[in-house]
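S.K.: Heads up: the protein sequence lines correspond to chains R and P, in order.
If you're matching positions, the first sequence starts at 144 in my numbering and goes up one per residue.
If you're matching positions, the second sequence starts at 144 in my numbering and goes up one per residue.
Hints listed in this document are in silico derivations from the structure and should not be mistaken for laboratory results.
Treat the hints with care, as some may be off.
Copies of the same chain look alike in the list, so a pair counts if it fits in one copy or across any two.
Stated by the list, open to error - Here are the simulated lysine-lysine pairs, DSSO-like style, with alpha carbons at most 30 Å apart: (1) K162 - K263; (2) K162 - K485; (3) K500 - K485; (4) K263 - K500; (5) K485 - K263; (6) K166 - K500; (7) K166 - K263; (8) K162 - K500.
Number of protein chains: 2
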Amino acid sequence: MSVTAPQGFRAAGVTAGLKASGKPDVALVVNDGPSHAVAAVFTSNRVQAAPVVWSRQVVTDGRVDAVILNSGGANACTGPEGFGDTHRTAEHVAEVLGISAGDVAVCSTGLIGERLPMDKLLAGVDAAAGALSADGGPEAAVAIMTTDSVPKNAVATGAGWTVGGMAKGAGMLAPGLATMLVVLTTDADVDPADLDAALRDATRVSFDRVDSDGCMSTNDTVLLLASGASGVRPDPAEFAAAVRTVCLDLALQLLHDAEGAAHDIAIEVVNAATEDEAVEVGRSVARSNLFKCAVFGNDPNWGRILAAVGTTSAAFDPNALDVSFNGVPVCRNGGVGESRDKVDLTGRQVNVVIDLKAGDATATVWTNDLTHDYVHENSAYST
Amino acid sequence: MSVTAPQGFRAAGVTAGLKASGKPDVALVVNDGPSHAVAAVFTSNRVQAAPVVWSRQVVTDGRVDAVILNSGGANACTGPEGFGDTHRTAEHVAEVLGISAGDVAVCSTGLIGERLPMDKLLAGVDAAAGALSADGGPEAAVAIMTTDSVPKNAVATGAGWTVGGMAKGAGMLAPGLATMLVVLTTDADVDPADLDAALRDATRVSFDRVDSDGCMSTNDTVLLLASGASGVRPDPAEFAAAVRTVCLDLALQLLHDAEGAAHDIAIEVVNAATEDEAVEVGRSVARSNLFKCAVFGNDPNWGRILAAVGTTSAAFDPNALDVSFNGVPVCRNGGVGESRDKVDLTGRQVNVVIDLKAGDATATVWTNDLTHDYVHENSAYST
Numbered sequence: 144m145s146v147t148a149p150q151g152f153r154a155a156g157v158t159a160g161l162k163a164s165g166k167p168d169v170a171l172v173v174n175d176g177p178s179h180a181v182a183a184v185f186t187s188n189r190v191q192a193a194p195v196v197w198s199r200q201v202v203t204d205g206r207v208d209a210v211i212l213n214s215g216g217a218n219a220c221t222g223p224e225g226f227g228d229t230h231r232t233a234e235h236v237a238e239v240l241g242i243s244a245g246d247v248a249v250c251s252t253g254l255i256g257e258r259l260p261m262d263k264l265l266a267g268v269d270a271a272a273g274a275l276s277a278d279g280g281p282e283a284a285v286a287i288m289t290t291d292s293v294p295k296n297a298v299a300t301g302a303g304w305t306v307g308g309m310a311k312g313a314g315m316l317a318p319g320l321a322t323m324l325v326v327l328t329t330d331a332d333v334d335p336a337d338l339d340a341a342l343r344d345a346t347r348v349s350f351d352r353v354d355s356d357g358c359m360s361t362n363d364t365v366l367l368l369a370s371g372a373s374g375v376r377p378d379p380a381e382f383a384a385a386v387r388t389v390c391l392d393l394a395l396q397l398l399h400d401a402e403g404a405a406h407d408i409a410i411e412v413v414n415a416a417t418e419d420e421a422v423e424v425g426r427s428v429a430r431s432n433l434f435k436c437a438v439f440g441n442d443p444n445w446g447r448i449l450a451a452v453g454t455t456s457a458a459f460d461p462n463a464l465d466v467s468f469n470g471v472p473v474c475r476n477g478g479v480g481e482s483r484d485k486v487d488l489t490g491r492q493v494n495v496v497i498d499l500k501a502g503d504a505t506a507t508v509w510t511n512d513l514t515h516d517y518v519h520e521n522s523a524y525s526t
Numbered sequence: 144m145s146v147t148a149p150q151g152f153r154a155a156g157v158t159a160g161l162k163a164s165g166k167p168d169v170a171l172v173v174n175d176g177p178s179h180a181v182a183a184v185f186t187s188n189r190v191q192a193a194p195v196v197w198s199r200q201v202v203t204d205g206r207v208d209a210v211i212l213n214s215g216g217a218n219a220c221t222g223p224e225g226f227g228d229t230h231r232t233a234e235h236v237a238e239v240l241g242i243s244a245g246d247v248a249v250c251s252t253g254l255i256g257e258r259l260p261m262d263k264l265l266a267g268v269d270a271a272a273g274a275l276s277a278d279g280g281p282e283a284a285v286a287i288m289t290t291d292s293v294p295k296n297a298v299a300t301g302a303g304w305t306v307g308g309m310a311k312g313a314g315m316l317a318p319g320l321a322t323m324l325v326v327l328t329t330d331a332d333v334d335p336a337d338l339d340a341a342l343r344d345a346t347r348v349s350f351d352r353v354d355s356d357g358c359m360s361t362n363d364t365v366l367l368l369a370s371g372a373s374g375v376r377p378d379p380a381e382f383a384a385a386v387r388t389v390c391l392d393l394a395l396q397l398l399h400d401a402e403g404a405a406h407d408i409a410i411e412v413v414n415a416a417t418e419d420e421a422v423e424v425g426r427s428v429a430r431s432n433l434f435k436c437a438v439f440g441n442d443p444n445w446g447r448i449l450a451a452v453g454t455t456s457a458a459f460d461p462n463a464l465d466v467s468f469n470g471v472p473v474c475r476n477g478g479v480g481e482s483r484d485k486v487d488l489t490g491r492q493v494n495v496v497i498d499l500k501a502g503d504a505t506a507t508v509w510t511n512d513l514t515h516d517y518v519h520e521n522s523a524y525s526t
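So here's chain R without its partners, still in its complex pose:
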């Protein structure tokens, strides 16, 4: 499974000593070809970490041979020196693997505003290169974890080809991506333009609709590498569906493991005038701290949902809104529906459906509740 499930990839995860905990913190993923096609999506945050600035350049020619990833430091807001560190890391990977630095993508995650200990990192690159193996994906997935409690891997298969992926991210999850590093691989033979189309299509309805805490990272990166090692050129729609499956699987794993979450919440907005408006409404609810606290308290507080919906510019009549919690229509036509007492929110999964009665578009946004553990994890430690 993971990024080494498709043919043509090797990976490794090692401990370089970047993390005080002594846990694995450097991962390397290598595409052995014959193809080296790539597509990528990066954070839309205007404050971008050095590795994002670097990798954005690297992918412009549609080719990536290797991805080096580290946890234990985001290398964000570190100035020209931090960019130099990223550049040096890529150069070192290129030297060790005998490839070009311009084909090495770099990803970092951890605390913002601190330089990386380069001696340890470069030694970690050597160790990772030495440990590369065709079943090293799961170890790579472990090495990119920060406050994640479990590694995240996913696989989907087509007729003779496979898509694999790993992800990390447990806080700062938000649209326009999360602090989220994702590497997807495939042995399908797909050119960069089709890869790009499949990736954008997939992230739009997966990572972009996961809004754990409304905060957007400086380091988010999703890379999709194609080796072509299967020799199969798949039907574009079939391939896109597989990429979407892996992305959504990973996105929901991220959400399920989000810092301090006690409930996974799916907010489905139906009968919106447009899909964009459905997303806007879903996101406004996903960002309401009052709503998120209510779910933590197992309270189907539809009033807080209406208050959030009311802040959007989506088409709807306030006196026509319906809201249900886990199938119970607690709000009908903007007013009191069935008794809140019929709703059981003690389970982990909460399904909210908001009916705007303004059209036929639909979208789902996923979020978490706001809990004591979230406050604890984000106040007791600097991340």
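Let chain R serve as the given structure and place chain P on it in line with the hints.
M.R.: Using the frame of chain R, we list chain P on its own:
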């Protein structure tokens, strides 16, 4: 002090039994004239409570004789029946006081989605009318409290005239106003147009810049009533300054008493290209749960500030941003500045200054930290 500080006003606060706690829950403020000029600002939420829909109509002719306020129920999302309840309340006040129902503003606060117990409320109106007195302001301020821990009153004086005010609000504090009911009074002789100008000018830089938890209420109302009883027609600029003083005083009282807050945070954005951009940047930081958790943990986490600033469309160069916490420049030119260890955040007040170096406009947005008590108050009780 409070709304009865200016001449020409009587007020009362009584217990009608709307609150399970048995605390005061109905307030009445009467303008005895000779003038009955009014200006008002209401929530910009598109889901509006019945009393907001009613009062919006009442103020259109620039005249209000009395304001009836209740806690213990928001009368929001209660459909045509809820609007009927508001109408009936105004009619009853008008009957008891011998005025027109069209000159009675109504304000409600409490749980969304439940009808008010009208028998208790109307009996409360009778009791409040019987208790009206020229020093009843402080009692009225107590009767509008919900999760507020203290009543909020403020006064400013001019040459022969006075502005008084009361406010409630302890959650859902956000721009475009908060769940916030505010009644301001003055014995200055000011016509509705000048009142309106003074009120909008004041709320723009006070209530509109308090963003406690990013949630916008369905019931927010700010009313400014002028009796003209002093016989003094003040200089408009002087009058506007007094209204601004009272509004800012009340806004900061609201923030200081916000649910579960352990720190009061002032986010001052300087050298922005425009005032709107300064507000946009301040608000994006005020809404970052990660930033707010960090402050709760006494952590001057400037990386979380830059990540929030990066989500805005304001003019700035990411490599030129400066951030200071309580006077210590922890971030310089988008990178590491002085040691975080020099910052002491153990006090209640936290001053953050963000220098965009993009112009000469400035704005301050006030918020709170995100704490265990916030989560507790908003998950353990339905509000």
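S.K.: A separate judgement is required for each hint: does it hold in the structure or not?
M.R.: Cross-check of the supplied hints:
1. In this homomeric assembly, K162 and K263 come within 30 Å of each other (Cα to Cα) only inside a single copy, at 10 Å, whereas the closest approach across copies is 63 Å.
2. Taking the closest pair of Cα atoms, K162 and K485 come within 30 Å of each other only across two copies (24 Å); inside a single copy the shortest separation is 47 Å, beyond that limit.
3. For the identical chains of this complex, K500 and K485 are intra-copy neighbours only, at 24 Å inside a copy versus 55 Å across copies, given an alpha-carbon limit of 30 Å.
4. For the homomeric pair K263 and K500, neither the shortest alpha-carbon distance inside one copy (58 Å) nor that between copies (36 Å) is at most 30 Å.
5. Only between protomers do K485 and K263 lie at most 30 Å apart by alpha-carbon distance; the minimum there is 28 Å, versus 57 Å within a single protomer.
6. Taking the shortest Cα distances, K166 and K500 never come within 30 Å of each other, neither inside one copy (51 Å) nor across copies (41 Å).
7. Only within a single protomer do K166 and K263 lie at most 30 Å apart by alpha-carbon distance; the minimum there is 14 Å, versus 64 Å between protomers.
8. In this assembly of identical chains, K162 and K500 lie within 30 Å of each other by CA distance neither inside one copy nor across copies; the values are 51 Å within and 35 Å between.
Of the numbered hints stated above, those contradicted by the structure are hints 4, 6, 8, listed in ascending order.
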